[in-house]
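Once you have looked at the hints, place chains B, C and D with the ligands on chain A.
Chain residues, written in single-letter form:
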Amino acid sequence: MKAAVISFPGSNCDQDLAWAFQEIAGIDTDIVSASETTLAGYDIVGVPGGFSYGDYLRSGAIASFSPIMPALKAHAENGGLVIGICNGFQILCEAGLLPGALQWNKSLSFICAPEELAVVNTDTPFSNAYEPEQTITLPIAHGEGNYYADPDTLAKLEANQQVVFRYRDNPNGSLNDIAGLTNAAGNVLGMMPHPERAVEALLGGTDGLGVFESLKQEVLANAAR
Amino acid sequence: MFKASIYVNYKPSVLDPKAEAIKTALKRMDYDNVESVLFGKYFELVLAAKDEQAASAQVDHICDALLANVNMETYRFELTEISEVKA
Amino acid sequence: MFKASIYVNYKPSVLDPKAEAIKTALKRMDYDNVESVLFGKYFELVLAAKDEQAASAQVDHICDALLANVNMETYRFELTEISEVKA
Amino acid sequence: MQRVELDPQAIKEQKPYLDWGLTEEEYDRFTSKLGRLPNYTEIGLASGMWSEHCAYKYSKPVLKTFWTKNDRVLMGPGEGAGVIDIGEGKAVVFKAESHNHPSAVEPYEGAATGVGGIIRDIFSIGAEPIALLDSLSFGELDDPHVRHLVDEVVAGIGGYGNSIGIPTVGGETNFDPTYARNPLVNAMCVGVMNKDQIQRGRAAGVGNAIIYVGAKTGRDGINGASFASSEFADDKQADRAAVQVGDPFMEKLLTDACLEVTRQHRDALVGMQDMGAAGLISSSVEMADKAGAGMALDLDLIPQREPGMIPFEIMLSESQERMLLCVRAGSEQEIIDVFTKYGLDAVVCGHVIDELRYKLYHKGDLVCDVPVSLLASDAPIYHQQGEKPARLEHPVAPAMPEITDVQSTWLAMLGQSTIADKSSLYRRYDAQVKTNTVVLPGSDAGVVRIRGTHKALAMTTDSNGRYLYLNPQRGGAMVVAEAARNLVASGAEPIGITDCLNYGDPTQPTHFYELAESAKGITSACKQLNTPVISGNVSLYNETNGAAIHPTPMIGMVGLIDDLATVTTSGFKNAGDVIFLVGETGDDFNGTELQKMLQGQIAGELFPLDLRAEKANQDAVLGAIRSGLVSAAHDLSIGGFAVALTEMALQGNLGADVTLNLTNAQLFAETQGRFLLTVPADKAAEFSAQVGALAQEIGRVTSGDQLHVQTASDAFAIDLTAARATYEEAIPCHMK
Ligand SMILES: Nc1ncnc2c1ncn2[C@@H]1O[C@H](COP(=O)(O)OP(=O)(O)O)[C@@H](O)[C@H]1O
Ligand SMILES: [Mg+2]
Numbered sequence: 001m002k003a004a005v006i007s008f009p010g011s012n013c014d015q016d017l018a019w020a021f022q023e024i025a026g027i028d029t030d031i032v033s034a035s036e037t038t039l040a041g042y043d044i045v046g047v048p049g050g051f052s053y054g055d056y057l058r059s060g061a062i063a064s065f066s067p068i069m070p071a072l073k074a075h076a077e078n079g080g081l082v083i084g085i086c087n088g089f090q091i092l093c094e095a096g097l098l099p100g101a102l103q104w105n106k107s108l109s110f111i112c113a114p115e116e117l118a119v120v121n122t123d124t125p126f127s128n129a130y131e132p133e134q135t136i137t138l139p140i141a142h143g144e145g146n147y148y149a150d151p152d153t154l155a156k157l158e159a160n161q162q163v164v165f166r167y168r169d170n171p172n173g174s175l176n177d178i179a180g181l182t183n184a185a186g187n188v189l190g191m192m193p194h195p196e197r198a199v200e201a202l203l204g205g206t207d208g209l210g211v212f213e214s215l216k217q218e219v220l221a222n223a224a225r
Numbered sequence: 001m002f003k004a005s006i007y008v009n010y011k012p013s014v015l016d017p018k019a020e021a022i023k024t025a026l027k028r029m030d031y032d033n034v035e036s037v038l039f040g041k042y043f044e045l046v047l048a049a050k051d052e053q054a055a056s057a058q059v060d061h062i063c064d065a066l067l068a069n070v071n072m073e074t075y076r077f078e079l080t081e082i083s084e085v086k087a
Numbered sequence: 001m002f003k004a005s006i007y008v009n010y011k012p013s014v015l016d017p018k019a020e021a022i023k024t025a026l027k028r029m030d031y032d033n034v035e036s037v038l039f040g041k042y043f044e045l046v047l048a049a050k051d052e053q054a055a056s057a058q059v060d061h062i063c064d065a066l067l068a069n070v071n072m073e074t075y076r077f078e079l080t081e082i083s084e085v086k087a
Numbered sequence: 001m002q003r004v005e006l007d008p009q010a011i012k013e014q015k016p017y018l019d020w021g022l023t024e025e026e027y028d029r030f031t032s033k034l035g036r037l038p039n040y041t042e043i044g045l046a047s048g049m050w051s052e053h054c055a056y057k058y059s060k061p062v063l064k065t066f067w068t069k070n071d072r073v074l075m076g077p078g079e080g081a082g083v084i085d086i087g088e089g090k091a092v093v094f095k096a097e098s099h100n101h102p103s104a105v106e107p108y109e110g111a112a113t114g115v116g117g118i119i120r121d122i123f124s125i126g127a128e129p130i131a132l133l134d135s136l137s138f139g140e141l142d143d144p145h146v147r148h149l150v151d152e153v154v155a156g157i158g159g160y161g162n163s164i165g166i167p168t169v170g171g172e173t174n175f176d177p178t179y180a181r182n183p184l185v186n187a188m189c190v191g192v193m194n195k196d197q198i199q200r201g202r203a204a205g206v207g208n209a210i211i212y213v214g215a216k217t218g219r220d221g222i223n224g225a226s227f228a229s230s231e232f233a234d235d236k237q238a239d240r241a242a243v244q245v246g247d248p249f250m251e252k253l254l255t256d257a258c259l260e261v262t263r264q265h266r267d268a269l270v271g272m273q274d275m276g277a278a279g280l281i282s283s284s285v286e287m288a289d290k291a292g293a294g295m296a297l298d299l300d301l302i303p304q305r306e307p308g309m310i311p312f313e314i315m316l317s318e319s320q321e322r323m324l325l326c327v328r329a330g331s332e333q334e335i336i337d338v339f340t341k342y343g344l345d346a347v348v349c350g351h352v353i354d355e356l357r358y359k360l361y362h363k364g365d366l367v368c369d370v371p372v373s374l375l376a377s378d379a380p381i382y383h384q385q386g387e388k389p390a391r392l393e394h395p396v397a398p399a400m401p402e403i404t405d406v407q408s409t410w411l412a413m414l415g416q417s418t419i420a421d422k423s424s425l426y427r428r429y430d431a432q433v434k435t436n437t438v439v440l441p442g443s444d445a446g447v448v449r450i451r452g453t454h455k456a457l458a459m460t461t462d463s464n465g466r467y468l469y470l471n472p473q474r475g476g477a478m479v480v481a482e483a484a485r486n487l488v489a490s491g492a493e494p495i496g497i498t499d500c501l502n503y504g505d506p507t508q509p510t511h512f513y514e515l516a517e518s519a520k521g522i523t524s525a526c527k528q529l530n531t532p533v534i535s536g537n538v539s540l541y542n543e544t545n546g547a548a549i550h551p552t553p554m555i556g557m558v559g560l561i562d563d564l565a566t567v568t569t570s571g572f573k574n575a576g577d578v579i580f581l582v583g584e585t586g587d588d589f590n591g592t593e594l595q596k597m598l599q600g601q602i603a604g605e606l607f608p609l610d611l612r613a614e615k616a617n618q619d620a621v622l623g624a625i626r627s628g629l630v631s632a633a634h635d636l637s638i639g640g641f642a643v644a645l646t647e648m649a650l651q652g653n654l655g656a657d658v659t660l661n662l663t664n665a666q667l668f669a670e671t672q673g674r675f676l677l678t679v680p681a682d683k684a685a686e687f688s689a690q691v692g693a694l695a696q697e698i699g700r701v702t703s704g705d706q707l708h709v710q711t712a713s714d715a716f717a718i719d720l721t722a723a724r725a726t727y728e729e730a731i732p733c734h735m736k
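Chains as they are written, first to last, in my numbering: chain A, 1 to 225; chain B, 1 to 87; chain C, 1 to 87; chain D, 1 to 736.
No lab work stands behind these hints: they were computed from the structure.
Remember, predicted model here, so these are calculated numbers, not experimental data.
It is possible that some hints are incorrect.
Claimed, not checked - If you want a taste of the chain D side facing chain C, the calculated C-beta under 7 angstroms gives, among others:
hint, residue
1, Glu-106
2, Gly-218
3, Val-243
4, Val-245
5, Glu-334
6, Lys-527
Each residue gets a CB set at the ideal place from its N, CA and C atoms; glycine is no exception.
Pulled out of the complex, with its shape left as it was, chain A reads as follows (with noise of 0.2 angstroms):
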């Protein structure tokens, strides 16, 4: 079992996310960089929190033209696990992978606090360990984390069960309190919360650990299968 963990020029969660992959999960993991152009022989890639390319068009939205793209693309297609965390998921809805937006959150200021969340999909393969409905606490940390979707997406999404985790006291005006979401398919996800940095009792709860137990989870069965 493989995993990737991307690295943007900007990223700085990259080391996080592939610490919690190796260390915590025990998941062999490399940092890939986004100037690469393949993903082969990976079961999971991550795109990791940061400020790539420095953020300072809109989030994410440089980094949608890395090279690494396409790659990454294709592996979503084929049914790859994907997870995108912070400015990963901002990346991952920039580059088309997942619908909608994330804006300036409410306040026009970064925020970086705990936030409770309610699991509200267990049937996902980053969410699998949690139980329905568990209310779990992950930090959050950015100034752009306010989902928007229009109706019609919205609708469709919350129709098609993608939305994973909910925030309990939005902190940020994310519409229909969004703080994670799957593509249609199921396969990509995308989430504000850090889970990456919620592994290790030392630094002040395991709450992420569900969402790595989960994927180690699924690709186990997948390989069984």
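The following block gives chains B, C and D with the ligands in isolation, referenced to the frame of chain A:
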């Protein structure tokens, strides 16, 4: 050589928190006569192209792909032919 | 009723990392023909004022005090009289 | 803005250097040492290099008195940052920097570029930056201009630190009218490295190449160093030429590339330094001077953002995100390739030469040819005489504060801006990126683990201008003591400090007195607490229209935790834990928040500090923590016992029941050397045996939402719901 003046704005249906903040600030400054605020991005590109049609197609693609997020933004642009570019 | 179209840009001597980032991205997208990029802000205010002069004075003050950071940015605006405002 | 280059004779007559901060005497001194009239470039360079910011011409005699060495110090002041051995082959590197003047003019970019600058100091030593802290002092929040400054400064610090991906794990925010037009914006960065890889800013070896790396040079921040070395008058607010814009994205690339060079290309690298104050001139001259070498640069090779820049501008520009390297001849390409890989500009722009001169070529002309030392070690040093300010001669002691309604005083204290909860501000900083932050902002110190070991570093920034205003020397010692208490309460042994010395115009004998006296106090505390000064920064001329700020040295202190298991935080942990108060409490009110709140002034004789008792108490607390006896610890600082107890309760969501033999007013006294600790009931006897009479049992943690307090004269309760509302909403309410 062409100069493209490009305007990118939120779609009217999208609530723009920055425009809202400006409205609030204007209220606080006692500008009660300001009826509406739109806050967008403005770009100027200078580009070489063989004719206006080619320039227009290119700028359109640049806007659609990069400068605007068409999920929530719209864009428009104007082209002017310019003779020379200042370095 | 007046509509003010306001443009706020960095002063030429101020480093603009945003414009640099866009230039780099355009290069990567193979738009080598783009010579220069300017990235600014664009505002549209609709405001009530008794005449153009009054509107202009107000908009100027709003720009100076709120919309532009005059340490680093310059602004310009155009006023158009409009008959009615769309809500 | 087109600069006209006056010829040497015209310079002599028209004295343009006066506007750049150089005096006539200094011009004469430079001229006589040079042996001819300096040209426009040369005198421009002198104005930058002889500014207080670069030459420390007033502060150097004071800095020399600092205690800078013990057996742990690997590198003291004199380089980008200082280095301390922390065992297991590792070292901690830290320094602080002030960006007060730029932040007063352009708060977002001023604060952001302050952060950017201090990060470069850390990685220029070869250390990986692991944490940031800040120390902010503003005027009162009822002033809209102050609110604007707070908002923008906080956004700027977060904007840079969050983006570059270094957690901001601690800091402080103070409010006092003294800072209304002259905010203090100090930033500190901490890094970790292998102790055998220390890198110095040296340019040695004739023929070796000087390589310029990073952002292009523009006209931003020209004369920034001399700008920071002169005071503000309102009419100068219009002077906006000095604004620099930070690019954290570029700096992230620069950090990674420079660390790769120091780790993997050590043989090729001779020295490296960041371009901070006075940009290219200061970095290049210092590198040559420290190595006793000469240097020649070709300015046509310097990457430039704007056309038509003259040598003066190129050399004095303070464009951000630039570094200067000295690289062995023949290895240039190897180094350039590293930077190219990260998409950064890197160009050879000069060489080390075999004469001790500093030479600049521009469009084929030799535009500067001066002895290296004339710009560096031979800069003037002034031995200023201090004079005791009148206010200190006959301090008028106000009456003892009288507390009529202790509950309402208690709540009102919690709502004072300097005491109230700052989370609405530090929530805007990413405190967790890199996933090593063990203790987040909100406790006494930020704690960051060191991967691959069982160790952690605790860190804090502290200042208290009010204490120094009443007594610069004792106040200076108190700030160091407080910083150490914050670390001890977190379970760390204090190991060293950095500082930012924020004062008024040093040419005024009374301000110089404040500077010199506080250095004495800092030194005595450093020695007592075994925390040498390993780096620092001076910011003088903090004045607006002739009025100086309170003398405000900022102390950044780092402590070592050998075993992660002993990290301690301040929130109550369990109902039933026994509460101990360490240290005696006196009638200590002059200079306190209580005095300010009730009497609207800071006045009288500052209360005493017993450094030996302070050290004994700190040792006892640290010993108890290391023995695993302590479940929560908090030092008593501004607001005294009442504030500390409330904070422990609010953080732990638990109440308390305490009985003290103190007067109501003493609940708010700021007597030094005190801690509140909680100890699990089954360990209380062992704790008492170990700590003895230094600690006094005063009560228990309870599960309720009340603090029940019995003093010498009263029994009363504080409702924690109300306390929380006051404490947490005070600042957000003001900022609305
Ligand atoms: N207040 C101080 N206390 C101790 N050392 C100081 C102090 N001020 C400056 N130094 C030391 O002097 C040297 C030069 O400082 P500075 O010019 O501020 O560095 P930089 O050029 O990186 O900004 C540094 O090593 C710094 O640590
Ligand atoms: Mg404390």
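Now for the hints, and whether the structure bears them out:
1. Glu-106: OK, holds: Glu-106 of chain D within 7 angstroms of chain C, min 4 angstroms.
2. Gly-218: holds, 6 angstroms
3. Val-243: Holds - the Cβ of Val-243 of chain D comes within 7 angstroms of chain C, reaching about 5 angstroms at its closest.
4. Val-245: holds, 5 angstroms
5. Glu-334: Since chain C brings no Cβ nearer than about 25 angstroms to Glu-334 of chain D, farther than 7 angstroms, the hint is violated.
6. Lys-527: Hint on Lys-527 of chain D: violated, closest Cβ of chain C at ~44 angstroms, above 7 angstroms.
In this structure, the earlier hints numbered 5, 6 are contradicted, and the remaining ones agree with it.
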